Amino acid sequence: MQIDWLSFTPIPSLLGGMILGVAAALYVLLHGRILGISGIVSGLIHPKAGDMAWRVSLTLGILSAPFWAAFIFDIRPIVQIDTDWLGILLAGLLVGFGAQYGSGCTSGHGICGLSRLSPRSLVATLTFMGAGFLTVFVLRHLIGV
Amino acid sequence: MKKHFGLISQYAIGTLFGWGLIISGMSNPQKVLGFLDLAGSWDPSLIFVMVGAILVGLAGFYIVSKRSEAFFGGALRIPTRRDINRPLVIGSFIFGIGWGIAGICPGPAIVALGAGYLKAVVFIIAMLVGMKLCEKFFSAHKQKPTQA
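Line by line, the protein sequences are chains L and E. Heads up: the first sequence begins at 1 in our numbering, then just goes up one per residue. Heads up: the second sequence begins at 1 in our numbering, then just goes up one per residue.
Because the hints were derived from the structure by calculation, they are not lab data. Don't take every hint at face value.
[To be verified] Derived contacts from chain L toward chain E, CB cut-off under 8 Å, selection only: (1) G50; (2) A65; (3) I111.
Here the structure is a predicted model, which is why all the values come from computation and not from measurement. We put the beta carbon where it would ideally sit given N, CA and C, even for glycine.
With the rest of the complex left out, here is chain L:
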């Protein structure tokens, strides 16, 4: 193993992580819910009266984060997507299917679940990280995409 010191950003990542933690903590304190993005978004695909406005508000909030970051702090997100279109399509399908079947994603299981010491979320997080390590190994080092 070789560390990529040029890309490594311990301070911003720790700080950004703490902001994610504040968002998750505020969310459960104020709204009584887990800040799990896949669960909140998946509720949008089968609209139920009275269950939509809050989901839409939260989603719009995330969606406009880059705008407010640029407007207030003059910060623009670095977004580098090198995967080709077919890969993006396949990745989206698997992420959606898997998050629905596995009851959560990196936010719901990874951040909130581990913060509330849920054994289910620990298993889920270790599983999707393991699958991620494996997938990148196969794609980059065995197939060479």
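Assemble chain E onto chain L, guided by the hints.
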């Protein structure tokens, strides 16, 4: 009135969450893939994101455990299941494969969409289709999946 404050709060927390992703670098799929590439040139940043988030989150969920109601009213909707079952493991494994292909998960996908990246549109539509397919195939033994 309280309802409107609730919706504004939802929006503001969404934006704060998006900022967390942007500042931590996790809105960049290449950075996530850099973490997942153990055998290559490895970027450990994601561990720092998780540690930061969980340190704060632990305090938040500890405070919540002493309360019975959310600030904006209503019961706390926190999952209570503790069983490790097949859908949890298989679903998470499938999620991880998708995550490993593009380095994108649901939160960062929405941030990338907001930043105007066309590939995020395709990713999100595919993600919603994937969720729908899961519901369709597995509605028989529902157990409506309680999130997280």
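Structure-based check of all given hints:
1. G50: Nearest chain E Cβ about 11 Å off; hint violated.
2. A65: holds (2 Å)
3. I111: holds (5 Å)
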